[in-house]
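S.K.: Each chain is listed here by its residues.
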Amino acid sequence: MDSEGNSAEHLRSSRGCCLKKLINNPQNVVTEALHGMAAAHAGLLKLNVEPPYLVRLESPVQGKVGIVSGGGSGHEPLHGGFVGMGMLDAACPGAVFTSPTPDQMLAASQAVNGGAGVLHIIKNYTGDCLNFEMAAELARAEGIEVEQVLTNDDVAVQDSLYTAGRRGVGVTVLVEKIAGAAAEQRRPLKDVAAIARTVNAQGRSMGMALTSCTVPHAGKPTFQLAEDEMEIGIGIHGEPGRRRMKRASAAEVAVMLVEPILADLPFQAGDEVLAFVNGMGGTPLLELYIMFAEVARILEGKGIRIARSLVGSYITSLEMAGCSVTLLKLDEELTRLWDAPVKTPALRWGV
Amino acid sequence: MTVTREAVEQWIRAYADAIAEHEQALTQLDMAIGDGDHGANMQRGFQAVLSRMSSVAEGDVGALFRMVGMTLLSTVGGTSGPLYGTLFLQMALQTQGKRELKPEELEAALRAGLDGIIARGKASPGDKTMIDALKPAHDALRQALHQKASLGEALRRAEEAARAGRDATIALVARKGRASYLGERSAGHQDPGATSAHLLMECAARTWM
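Chains as they are written, first to last, in full-length UniProt numbering: chain A, 1 to 351; chain B, 1 to 209.
Same shape as in the complex, but just chain B (with noise of 0.2 Å):
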């Protein structure tokens, strides 16, 4: 199976009304270790997207991929646009002049978009950043396509990976961000970014099941 640039743009769409579905609940973990703007600005920068989607539409996936970093580079601020800019835009440079992607092309462009963000934000897994997600999802991913799983079934495992990797970050510590500065007051909070990250993997399994 491979996924069309028709099927992206559905998984992008599905996140979008994810982000609108839980703006409030984002907001709410931000409130208790950062500053309380994740669901809001992730909803910005995700209306913005939704309203070019029309500008791409004879695009290919790297254009798609493209138009998502840029638009969330230049709407959302904070520390969530620079890093899922950065995802999308490395995301994109995997994805040029591709109009669909075998399962490892996917894998790989999540890599590359993975990387990007651990070189932009210098933070690590266990950091309690989104990392602490993304990882093992894009690890379960590789894993599964290894095995000769089916993409639907890899990313279902992709998607329980994220899910316990967000769990587990209500015990960490931040070391980055502005949670950091809580310390150990941080800990017995679910990070919102972390949380953010889960919910781009599950529309990922929820569209190409």
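Isolated chain A (complex conformation) (with noise of 0.2 Å):
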């Protein structure tokens, strides 16, 4: 790493002429946050470096199923945001938008499993999917006993035999933490990847997003957007949605983002949802309570009641402007563990 003599050689090469990061390497803004993340929250999780993982302090918890989630960086506080008491037990970051690799969880996987078994949550990406699949097949041939479940959320996507299917978003922070609180409870494995797949066959996500993200390595947009533009139905790697459109009021988005959401479950009058309203990364909280109010507008207008909330930037784009609205339908159990206490670095109550 050359954190002094050639850093600013690399932010001002010609390919990060444009990159105004508060970074020092894009080579190595990963390892760097990793190190970071583990200075801030010594008291909940630890790093393994080689290969990277981040794991809770007190792992492997015998008798609990231990829950292992990950995907490329850039999403922060997913995944490793997420590590802790009565959520994730462990955390695999790839590189920037990229999926980790097969040898990373297989290390998280025996570091977690406290002979109960192992969860794996993946959102579905195809390079998700296909390195997470090599991992437990690694980890059976180990002698662990592995469960995945797919989080696949995204109304923007058409879900069919042509597409890889629908993507993963926010839906997947409300599986980690009532996935979490099942594991937390000492349920058996099959449980808690049940209580995971229906949390995921009950919620639906869509974002939108305002400016595009500039991935470190790549030094530029990923995606050019004028001023006056925003594009609807993005995925959270600067993925092109549904259409590009001139740009629209918060009132006028929430109709856009929430209205699929509602026809696709579809959600009915007197139902209880969990409202998610969550940043992409560059958009204030104060953008996003308009968003949110917007969207228990919409909600009472149909007779649904909101018996749960989250806002803020928990599963982003980098620094992407933009929001995403997750519903998901609620029961009296799902509710009960999604109260049950956590503590993480970035989401914490009940302790």
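To be clear, the hints were calculated from the coordinates, so they are not data collected in a lab. Owing to the predicted nature of the structure, the values given are computational and were not obtained by experimental measurement. Yeah, the Cβ is synthetic: ideal placement off N, Cα and C, and Gly gets one too. You may find that some hints are simply not true.
Distance windows between CB atoms, simulated [as the list claims (entries may be wrong)]:
#1 B:Asp139 / A:Gly270: 58 to 66 Å
#2 A:Ala42 / B:Lys102: 55 to 63 Å
#3 A:Ala42 / B:Gln28: 36 to 44 Å
#4 B:Glu58 / A:Gly312: 54 to 62 Å
#5 A:Val49 / B:Gln147: 50 to 58 Å
#6 B:Ser51 / A:Glu145: 34 to 42 Å
#7 B:Gly126 / A:Gly303: 40 to 48 Å
Starting from the two chains in their separate frames, assemble the complex, guided by the hints.
M.R.: Below you can see the structure in the form of structure tokens.
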């Protein structure tokens, strides 16, 4: 790592000419951030450097299902920010927007296996699926019981034989929290996996972008949006969405995000939901609360009751401005597990 | 003509150089229809391969392919890590204990690698993936060897077939991977995976002419 002489050179190089980021070297962003996280939250988690993963301090917890998630970096606090009591036992970070590798997932699974098996929570992207599949094969070969749950809640993606299927987005946070609570109660692996699948089945999301993000090693914005344009139906990697259009008000955007979500499950009058308004990294809480007010107004108009809520930047896309809305249909059990104590760097209550 | 272990190493080194040379181009292709990391990921993987090359200096072809496969699997990530990792690990299984390969043994190894990628990625020809370059390349190689062409000539035809397959991905609508989210908007762009796969065949042809 050239922390002194060459680092400024990296930022000035032809690739990094427009790179206005608080970094040292584009090649080292993930490693340096992981060291920072471990130092900042030393009471909750520790960092394994080779291969890289963040693991709950007291791992493995005997008799408890170990919960492992992971994916490309750049979505902070997902996943490392959710390692701790009542949520994840380990998180495997990949390069920015690139899935981690099977050896990371295998090592993390070994580190959290307290004899009750391990649950992998995987966002539905081809790279994540392939690497987690290989990791599960390796872990099972070592006698570790593994269940895998895919999140695929993004209604912006046409779900058909002709795509890789819906992307896993906002619901991933809710699956990690609720499955984490179930594991904390010492439920068996099959039950924890079933609860995770229920959350995924009952949750739907959709996102929008006001600006692109810039991947550090790419050095320039992933896509171009004019000053007066926005993109509806984006993913969490700067993937293009359903359509590009002129900028609209928060009220209009809320309708564009919520209507497709409500129609998809479908949600109905009388339903109780958890409403999650998520920032993509570059949108302030002030604006997210405006969005929440609009979402709440739409839901009230449909007779849908917001029983629980979450507002903030929890699954982000670097510095992209924009937001996503996730609705999860609640029942008594899911509500109880959502309310259960959690103590992680990014989510903490009841303790 | 047989392919010696040293020649296989030259092929891998040539490919690592080609990846370094085309890193930006691969990333540009990926930014158009994916998430813009294919060049950087392959570059990271093959730099790691080069740094570990001396660790298998005494090994046979199988040991060399195994090192490449395991290194890619543990350093690349994304879809390229498991897919290229599987290609080389399957080729390793076919070439264990061999210090050199007859042309038909090379063809069988490539076949096993291709089958491995198809099984792992569950993609078919026409899905706009690396298979669209690799499968025609293997078909051409097998046919040329069947017709008693020299290895150099067979690889030349394989490279041509890979190039044609790569170019044919431009018109295709992606059905696998992140590009599939674009649907019809993915047409008109060359697939980055097919591009790096063609480079692999081009390096083989160039190394063993």
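S.K.: Evaluate each hint against the coordinates.
M.R.: Quick rundown of the hints versus the structure:
1. For the pair Asp139 (chain B) and Gly270 (chain A), the supplied restraint of 58 to 66 Å holds, since their beta-carbon distance comes to about 59 Å.
2. Between Ala42 (chain A) and Lys102 (chain B) the CB atoms are about 58 Å apart, so this pair conforms to the stated range of 55 to 63 Å.
3. Restraint check, Ala42 (chain A) to Gln28 (chain B): a C-beta distance of roughly 41 Å satisfies the suggested window 36 to 44 Å.
4. For the pair Glu58 (chain B) and Gly312 (chain A), the supplied restraint of 54 to 62 Å holds, since their beta-carbon distance comes to about 56 Å.
5. Checked against the hint of 50 to 58 Å, the C-beta distance between Val49 (chain A) and Gln147 (chain B) comes to roughly 53 Å, which is consistent with it.
6. Between Ser51 (chain B) and Glu145 (chain A), the C-beta spacing of about 36 Å keeps the proposed range 34 to 42 Å intact.
7. Hint check: Gly126 (chain B) to Gly303 (chain A), Cβ distance near 47 Å, so the stated range 40 to 48 Å holds.
Of the hints listed earlier, there is not a single one the structure fails to meet.
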